[in-house]
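> The primary structure of each chain is shown beneath.
Number of protein chains: 2
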Amino acid sequence: MKLKSICEVEGVEAAGIKEGKYGLALIKASGNAAAVFTRNRVMAEPVRLMLNRQDSGRLDGVIVNSGNANVFTGEQGYRDAERMAEIAAEALGTSPELIGVASTGVIGRYLHIDIIEDQCNRIKDSLASDEKSGDDAAAAIMTTDLYPKQAISKRKGFTVAGITKGSGMIAPNMGTMLGFIYTDAEVSPDDLKKALLLATERSFNRVVVDGDTSTNDCVFLTATGLKGKQNFDEFYSALEEVCISLAKQIAEDGEGATKFVEVSVTGAKSEDDAAVIAKTIVGSSLVKTAIYGEDPNWGRIIAAAGRAGPEFDPLKTSISISSGEKTVILEEKGVIKADDKVNPGALAAAKELMKGKNLKILFDLGDADFKATAWGCDLTEKYVEINGKYTT
Amino acid sequence: MKLKSICEVEGVEAAGIKEGKYGLALIKASGNAAAVFTRNRVMAEPVRLMLNRQDSGRLDGVIVNSGNANVFTGEQGYRDAERMAEIAAEALGTSPELIGVASTGVIGRYLHIDIIEDQCNRIKDSLASDEKSGDDAAAAIMTTDLYPKQAISKRKGFTVAGITKGSGMIAPNMGTMLGFIYTDAEVSPDDLKKALLLATERSFNRVVVDGDTSTNDCVFLTATGLKGKQNFDEFYSALEEVCISLAKQIAEDGEGATKFVEVSVTGAKSEDDAAVIAKTIVGSSLVKTAIYGEDPNWGRIIAAAGRAGPEFDPLKTSISISSGEKTVILEEKGVIKADDKVNPGALAAAKELMKGKNLKILFDLGDADFKATAWGCDLTEKYVEINGKYTT
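So the sequence lines, in the order shown, correspond to chains V and W.
Going from the first sequence to our numbering is simple: count from 1 and add 622.
Going from the second sequence to our numbering is simple: count from 1 and add 622.
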C-alpha cells in the first residue's frame, strides 16, 4: 500500500496521542504557511487567537487537541489557547507566534489545559518523520471519526500530503473539520493563500454531512520548501487532489453513514450556481434518507434543487443516478423516465442500483457549461443515535 | 371539547374521503379569497395553474387530493390540475375559475385523475356544515400526518377556522403544507391578502421540520362575509391565532417527533434577524438530535445562531431552556452557567428538565427589542425510518 503519511513530505515530523476522549497532535514543520478559518460568527478561542495574530506567513508547527473545542470560554479560553501555543513552542524550540493552534470537541466547557500540557510533555520526544508518527497525529485529532483520514499526492520533484478530521457538523462552509496540509515544494505565502482558498472552496466547502457549521474549522497549509520552487499550476493540482481526497473521506465517514454520495451538477450558468445546487441536493435530509432507504425518489432531488436559489428551467433539466458501471435515467429534459406508466422496469432498475455503497447523482441544468461536484452521505438512525448522546 | 371544525364558520360546507394513500377533500365556501404559494422554483402543476389564473379575488370552493403531488408531470399534469378544477366546479355548481386546487404526496408520478373523479362523485352529496364533515376534510388531506390538524378562533361577531396538513418537508418557507382557512367576517380581497401574508410569515414560515421546502405549499383564505364587516385588527388577530395554532400542530406532528420545541429569540435588531436565527436553531440537525437525546448541548444552539447570518456579539447573549415551570440558564451574557466547574448541578438540572415533552429555548441577543418565535421538533430514528421508505 502506498504510504500516505504527512511524514512523506520532507521536513515534517509528527507525534500524537489519544487517551479516551482527549487527544493531542503535535506537528513540526517550518516554512511559509497559510490558513483558512470558519465563517461561523461564533468562533472558537483558538480561531480568535489565530485571527488576532499578526500573520507572519510562516509557521514552525501546530498543536491540536481533541475532546474540547474551547468555544464560548471567554478570556479564560483565550488564555488557554495562548497557553497551548506556548506549550508547543517550548516543545518545538520556537516562539508561540509561529505555532498554529486548533481544537475540536464539545463546545462550552473550559479546557483542561493540564491534560494538554501533560500529553504534550509525554509525546514531544517521540516527534519523528516515520509513517507511524504521521498515523498517530491523524488518529489523535479524531472525535466521532471512525478512522483517521490521510491523503497524499506525489509529483515529480515534490509531495503534498495532509490529514483531516471531521464527520459531523459538516456543512457547506466547512463543518468541524480540521485540516493540516504539508508540501516540500517552495511556495510563497501569497501563493499558498491563493491556492488554499480555491482548493478549500472546491473540496472541504463542498462536503455536507448535516448542514451545521462548526465554530472551530480551520485548515493550515505549510510549505517546508525543501524540494525547491515548482510550477504553480502543478502545485495547485496536487493540493486540490489532496484536499478533494480528504473531503471525500470526511463524507465517507459521515456520522452513521452507510453510503457515500457524489452529486455532480453540470450545464450551469456559473460554477457558483452549480456548487450551491450540488450542496443543497447532497445536504437535503429528504434526499439523504431516500438514499439510505435505497429509494429512487428523485422528486426530492428536484425539490432540493428548486429551493437552492439559482434560477433554472425544470423542463431543461435531466437527472440520472449511477453506481459502478450502471446508470438509470430518472428524468430527461423535463420528461419523467422512471415511472411505471411510461417506462416499466426503470424504477425497479433504479432501486436495484441504489443498493450500491457508492452512488452518483448527475443533475444537468441544460443551460451552459459550468459544473461543480459536492460530496455527502446518507442520513441514518445511527446519525441520530450518535448525536443524541454526544456530550455525556 | 370546543368544536374546532371549519364548519363552525358560517357558509362553509365540507366533505372528505381517505382510501389508503389516496384522499380527497372538497370544501364549499363562496366569498372573497386570497392565497399564498411555495417559493420553490420547482412548482407543482396545481400551483402553476393557480398562479397563471387571473386572480378574481374570489373562490367558491377548493378541491385537494393527497397521495400524489402532481409535480414534474408537465403538460399532462397541468391538464390534470385543470381537470380537478372542472370536477369540483361541476360538483359545486360553479365555474372552474372559482375553484382552488391543491395536491400533496409523491413527486414525479402522473396523477390518477380517474380516482379523483370517482372519489369526488362519491363525496359531493355528503357536503355538509356539521362537525364530522369538517373532520373528514381535515383527515382526507393527510399524508404522513399522524392526526388531522384544525384550529379555531371565535371572536365577538365572527369566527376564523382552518385545517392544515404537513409533517415532513417542512422548512422556513413553508414545507409541504396545505392550509385552508375560512372566516365569516366580511373582508376585502386586498385586506385578506395583506393579512394572510403577514400571518403566514409569523406562523407557517416559522415551522422547521427538516429544512426541505415543498413544491406544493399553499394556503387559501376565504371570507364568506356572512357575519358582516369587522374591525381589521381584530380579524388579523384571530387569523394569526389560527395560523400559529396550525403551525404548532405541524411541528408537534413532525415526522418521527417525540418532543415539541419552541425557540424564542429576543433582543434582536429586527424581527427578520430574530426570525432567521430562531429558524436556524430550531432547524439544526445537531440541536434536534441533542433535544431527542435530552442533552443540554447548548454549544450547538450558539453554533447554529452563529451561522444564521445576522451579526451579534456572543458575549452579549444569554441562553436558557424551559419545560413547564422549570428554567435553567445555560449561559448569561457570554458567561457559561451550566458547567460543573462553575455551577455544579446546573448541567444535571438541565438534563432532568429536558425529559419534558414540550421544551422552550430562549435566546436573548442583548442588542435591541425585536423578537420572533419558531417551532420545530426533535430528530429521531423514526424520522429516518419514515423517510427512508416513503415512495414504496
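Any given hint might turn out to be false.
Treat identical chains as interchangeable: a pair holds within one or across any two.
Claimed, not checked - Pairs of lysine-lysine, DSS-like flavour, derived with a Cα cap of 25 Å: (1) 776 with 963; (2) 963 with 993; (3) 815 with 993; (4) 979 with 849; (5) 979 with 1004; (6) 643 with 955; (7) 891 with 816; (8) 963 with 891; (9) 959 with 643; (10) 816 with 959; (11) 643 with 973; (12) 1004 with 977; (13) 973 with 948; (14) 1004 with 973; (15) 963 with 815; (16) 815 with 870; (17) 963 with 643; (18) 778 with 982.
Calculated directly from the structure, the hints in this document are not laboratory data.
These numbers were taken from a predicted model, which means no experiment stands behind them.
> For every hint, state whether the structure bears it out.
Checked hints:
{"no.": "1", "hint": "776 with 963", "verdict": "neither (52 Å within a copy, 48 Å between copies)"}
{"no.": "2", "hint": "963 with 993", "verdict": "neither (32 Å within a copy, 51 Å between copies)"}
{"no.": "3", "hint": "815 with 993", "verdict": "within (24 Å within a copy, 40 Å between copies)"}
{"no.": "4", "hint": "979 with 849", "verdict": "neither (40 Å within a copy, 62 Å between copies)"}
{"no.": "5", "hint": "979 with 1004", "verdict": "both (16 Å within a copy, 22 Å between copies)"}
{"no.": "6", "hint": "643 with 955", "verdict": "neither (51 Å within a copy, 29 Å between copies)"}
{"no.": "7", "hint": "891 with 816", "verdict": "within (24 Å within a copy, 36 Å between copies)"}
{"no.": "8", "hint": "963 with 891", "verdict": "neither (34 Å within a copy, 54 Å between copies)"}
{"no.": "9", "hint": "959 with 643", "verdict": "between (50 Å within a copy, 23 Å between copies)"}
{"no.": "10", "hint": "816 with 959", "verdict": "neither (44 Å within a copy, 42 Å between copies)"}
{"no.": "11", "hint": "643 with 973", "verdict": "between (40 Å within a copy, 21 Å between copies)"}
{"no.": "12", "hint": "1004 with 977", "verdict": "both (18 Å within a copy, 21 Å between copies)"}
{"no.": "13", "hint": "973 with 948", "verdict": "within (12 Å within a copy, 49 Å between copies)"}
{"no.": "14", "hint": "1004 with 973", "verdict": "both (22 Å within a copy, 22 Å between copies)"}
{"no.": "15", "hint": "963 with 815", "verdict": "neither (54 Å within a copy, 40 Å between copies)"}
{"no.": "16", "hint": "815 with 870", "verdict": "within (22 Å within a copy, 48 Å between copies)"}
{"no.": "17", "hint": "963 with 643", "verdict": "between (54 Å within a copy, 18 Å between copies)"}
{"no.": "18", "hint": "778 with 982", "verdict": "neither (32 Å within a copy, 59 Å between copies)"}
Figure legend: structure checked against the earlier numbered hints; hints not met, in rising order: 1, 2, 4, 6, 8, 10, 15, 18.
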